[in-house]
Each structure stands twice: as structure tokens, then as C-alpha cells.
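Here the sequence shown stands for residues 1 to 255, where the numbers follow UniProt numbering.
Read the hints as simulated data drawn from the structure, not as lab findings.
Incorrect hints may appear among the rest.
Lysine to aspartate or glutamate pairs mimicking EDC-like chemistry, simulated, CA-CA at most 16 angstroms apart [unchecked claim]:
| hint | residue 1 | residue 2 |
| --- | --- | --- |
| 1 | K22 | D12 |
| 2 | K17 | E37 |
| 3 | K57 | E75 |
| 4 | K122 | E43 |
| 5 | K19 | E33 |
| 6 | K122 | D138 |
| 7 | K22 | E43 |
| 8 | K140 | D151 |
| 9 | K57 | D144 |
| 10 | K140 | E175 |
| 11 | K66 | D50 |
| 12 | K187 | D144 |
| 13 | K66 | D150 |
| 14 | K134 | E159 |
| 15 | K199 | E186 |
| 16 | K17 | D27 |
| 17 | K122 | D50 |
| 18 | K122 | E196 |
| 19 | K199 | E159 |
| 20 | K112 | E37 |
| 21 | K78 | E43 |
| 22 | K187 | D138 |
| 23 | K66 | D151 |
| 24 | K19 | E37 |
| 25 | K112 | E43 |
Simulated restraints on C-beta separations [as the list claims (entries may be wrong)]:
| hint | residue 1 | residue 2 | range |
| --- | --- | --- | --- |
| 26 | Y81 | K199 | 17 to 27 angstroms |
| 27 | G18 | D151 | 17 to 27 angstroms |
| 28 | D138 | W87 | 16 to 26 angstroms |
| 29 | K199 | Y84 | 19 to 29 angstroms |
| 30 | Q121 | N164 | 36 to 46 angstroms |
| 31 | K199 | N46 | 12 to 22 angstroms |
| 32 | K122 | W87 | 45 to 55 angstroms |
| 33 | P143 | N46 | 14 to 24 angstroms |
Source: prediction; values computed, not measured.
C-beta atoms are modelled at their ideal positions from N, C-alpha and C, and glycine is treated no differently.
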Amino acid sequence: MANFWLMKAEPDSRIVKGKDVKFSVDDFEACGETAWEGVRNFEARNIMRDRMKIGDKVLFYHSNTKVPGVAGLAEISKEAYADYTAWDDQTTCQGRLLKHRLLQKTDQANPKWFMVSVRFQKRLPHLVPLHLLKFIKDQKKLPDVLQYLDDDARAAISEMQLLNRGRLSVQSVTEGAYNAVAILGEKGGWESIIDEKGKLVKAPKAKDAHSNDESQKPATKSANSRKRKKLTETEEEPEVATKSTRRSQRRKKED
Numbered sequence: 001m002a003n004f005w006l007m008k009a010e011p012d013s014r015i016v017k018g019k020d021v022k023f024s025v026d027d028f029e030a031c032g033e034t035a036w037e038g039v040r041n042f043e044a045r046n047i048m049r050d051r052m053k054i055g056d057k058v059l060f061y062h063s064n065t066k067v068p069g070v071a072g073l074a075e076i077s078k079e080a081y082a083d084y085t086a087w088d089d090q091t092t093c094q095g096r097l098l099k100h101r102l103l104q105k106t107d108q109a110n111p112k113w114f115m116v117s118v119r120f121q122k123r124l125p126h127l128v129p130l131h132l133l134k135f136i137k138d139q140k141k142l143p144d145v146l147q148y149l150d151d152d153a154r155a156a157i158s159e160m161q162l163l164n165r166g167r168l169s170v171q172s173v174t175e176g177a178y179n180a181v182a183i184l185g186e187k188g189g190w191e192s193i194i195d196e197k198g199k200l201v202k203a204p205k206a207k208d209a210h211s212n213d214e215s216q217k218p219a220t221k222s223a224n225s226r227k228r229k230k231l232t233e234t235e236e237e238p239e240v241a242t243k244s245t246r247r248s249q250r251r252k253k254e255d
């Protein structure tokens, strides 16, 4: 039975020890298969060494970028073997002894670090941004554009390590979470709530719409008041003129 994982890579250029660690979904698709080297975290190493099996499914995740998210699907094509890149690792980590011990040159006869090989399967039509997954986790009821996700899918997303303990570069996911993210990547449709930068779009609040209506009412009322006042003044003018005429006529008679 296949297991399910999320594995992070950096899609933007970043030089580490003279090497560019960039590996985007474009790079992955171009090469087709890659050794997942360079992991220097014991928990992530243990997952690769002890738990990953050929045929396991992988969510390929863009990390350390402006819009982090799941960009494609992959599978484990070769189980754990020694990470040869660690044999040239001379990092001292700025004199911190603990990290130096973790990163020091490994023994080829008794390797400390391991890697697996991962095969590209497909690019998702829609990158599934981290902000969207967080949004889904926080909602009691999903908007109409996401109604194709059922309650089980939403619950599976909410329990993802990515949203609760996100820094680990290799993480396990449930089959439900894997399928839910894959569906999101296939169907999309959330553009009205997530912008092109992966940020949530704030919908107008109900009270804001109400306040706009109210702000228009005084203007209408004021315009109506001025209109009524003008009509009143127009109606009163003949009456004033009549009184003035009568007074002048009485004065003439008295004279």
C-alpha cells in the first residue's frame, strides 16, 4: 500500500556553497527524475531512510518563494541510498558545535545522510498556494467556488503537518489530504478569493455596503429638502406680493 508525502524544493535561485539550489517544477519536469539530496535534518532523513518506498505518492511543493504552494505530483522511484553530497560537506555553521556535528563529513562506509530518487508525474494546472490551504482550514463553511471539496477533504487539509508544523522539508500526508490537494490543483476556481500573489482577497464587509447606502441617503434627503424649500418659496412669493400691493392701495385711499 502506497504512502503519501510532501517534499519541498526551492523554485528561485539561491547559491549555497557555490551551488544554485534552485529546483522548480519546470526543472523537475525537464529532468524527469532526480535524487533528493541535501537533506540535513534527522527527522526528514529518517522518513526517507526508513519509511519511503517505491511507488509512494508525493506532493511537490515550492518553498521559500513569494507564493509557496503545491506545484506538481511525483512518486518515489528509488528507496534510500547514501547521500554522496554529504561527503564533501565542510560546513562549520559559524562555529556552532552541535550543527557542525550534524553537517560534518559523513563516513562513506557508514553514511549518516540518505536520499531517495523521485520521479516527476505531472504539473498541476493550478498551483495550490499555502494561503488557500490555510483559508480552507480556517473556514467553517467553504465558499461556493470550493464546494467541490467535501467535509472529509477539508478535514484532511486541516490536519496537514504543513499547516501545523510547516518547516520540515519532508512530511507525511494522509491519502485524503493528497487527493484533496490534487483536486484543488486540477479544478482551481478560487481566483475570486485568492489573488495572483497567493494572498487572500478581502471581500467587502456587509456593514461597509450598508454604510455606503446610508452615506447616499443624506445627500438624497438634502437634495429633496432644497427642492421642497424652493417650491415653498415659489409658492409664498405671490402671497407676499399681494400683501404689499394691498398696503400700498390702502395708503393711497387714506391719502
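So, going through the hints one by one against the coordinates:
{"no.": "1", "hint": "K22 to D12", "in the structure": "holds, 5 angstroms"}
{"no.": "2", "hint": "K17 to E37", "in the structure": "holds, 14 angstroms"}
{"no.": "3", "hint": "K57 to E75", "in the structure": "holds, 5 angstroms"}
{"no.": "4", "hint": "K122 to E43", "in the structure": "violated, 27 angstroms"}
{"no.": "5", "hint": "K19 to E33", "in the structure": "violated, 19 angstroms"}
{"no.": "6", "hint": "K122 to D138", "in the structure": "violated, 29 angstroms"}
{"no.": "7", "hint": "K22 to E43", "in the structure": "violated, 23 angstroms"}
{"no.": "8", "hint": "K140 to D151", "in the structure": "holds, 10 angstroms"}
{"no.": "9", "hint": "K57 to D144", "in the structure": "violated, 29 angstroms"}
{"no.": "10", "hint": "K140 to E175", "in the structure": "violated, 22 angstroms"}
{"no.": "11", "hint": "K66 to D50", "in the structure": "violated, 33 angstroms"}
{"no.": "12", "hint": "K187 to D144", "in the structure": "holds, 13 angstroms"}
{"no.": "13", "hint": "K66 to D150", "in the structure": "violated, 29 angstroms"}
{"no.": "14", "hint": "K134 to E159", "in the structure": "holds, 11 angstroms"}
{"no.": "15", "hint": "K199 to E186", "in the structure": "violated, 20 angstroms"}
{"no.": "16", "hint": "K17 to D27", "in the structure": "violated, 20 angstroms"}
{"no.": "17", "hint": "K122 to D50", "in the structure": "violated, 26 angstroms"}
{"no.": "18", "hint": "K122 to E196", "in the structure": "violated, 21 angstroms"}
{"no.": "19", "hint": "K199 to E159", "in the structure": "violated, 21 angstroms"}
{"no.": "20", "hint": "K112 to E37", "in the structure": "holds, 13 angstroms"}
{"no.": "21", "hint": "K78 to E43", "in the structure": "violated, 19 angstroms"}
{"no.": "22", "hint": "K187 to D138", "in the structure": "violated, 21 angstroms"}
{"no.": "23", "hint": "K66 to D151", "in the structure": "violated, 29 angstroms"}
{"no.": "24", "hint": "K19 to E37", "in the structure": "holds, 13 angstroms"}
{"no.": "25", "hint": "K112 to E43", "in the structure": "holds, 12 angstroms"}
{"no.": "26", "hint": "Y81 to K199: 17 to 27 angstroms", "in the structure": "violated, 40 angstroms"}
{"no.": "27", "hint": "G18 to D151: 17 to 27 angstroms", "in the structure": "violated, 50 angstroms"}
{"no.": "28", "hint": "D138 to W87: 16 to 26 angstroms", "in the structure": "violated, 45 angstroms"}
{"no.": "29", "hint": "K199 to Y84: 19 to 29 angstroms", "in the structure": "violated, 40 angstroms"}
{"no.": "30", "hint": "Q121 to N164: 36 to 46 angstroms", "in the structure": "violated, 26 angstroms"}
{"no.": "31", "hint": "K199 to N46: 12 to 22 angstroms", "in the structure": "violated, 35 angstroms"}
{"no.": "32", "hint": "K122 to W87: 45 to 55 angstroms", "in the structure": "violated, 34 angstroms"}
{"no.": "33", "hint": "P143 to N46: 14 to 24 angstroms", "in the structure": "violated, 39 angstroms"}
Consistency with the previously given hints fails for numbers 4, 5, 6, 7, 9, 10, 11, 13, 15, 16, 17, 18, 19, 21, 22, 23, 26, 27, 28, 29, 30, 31, 32 and 33, ordered from lowest to highest.
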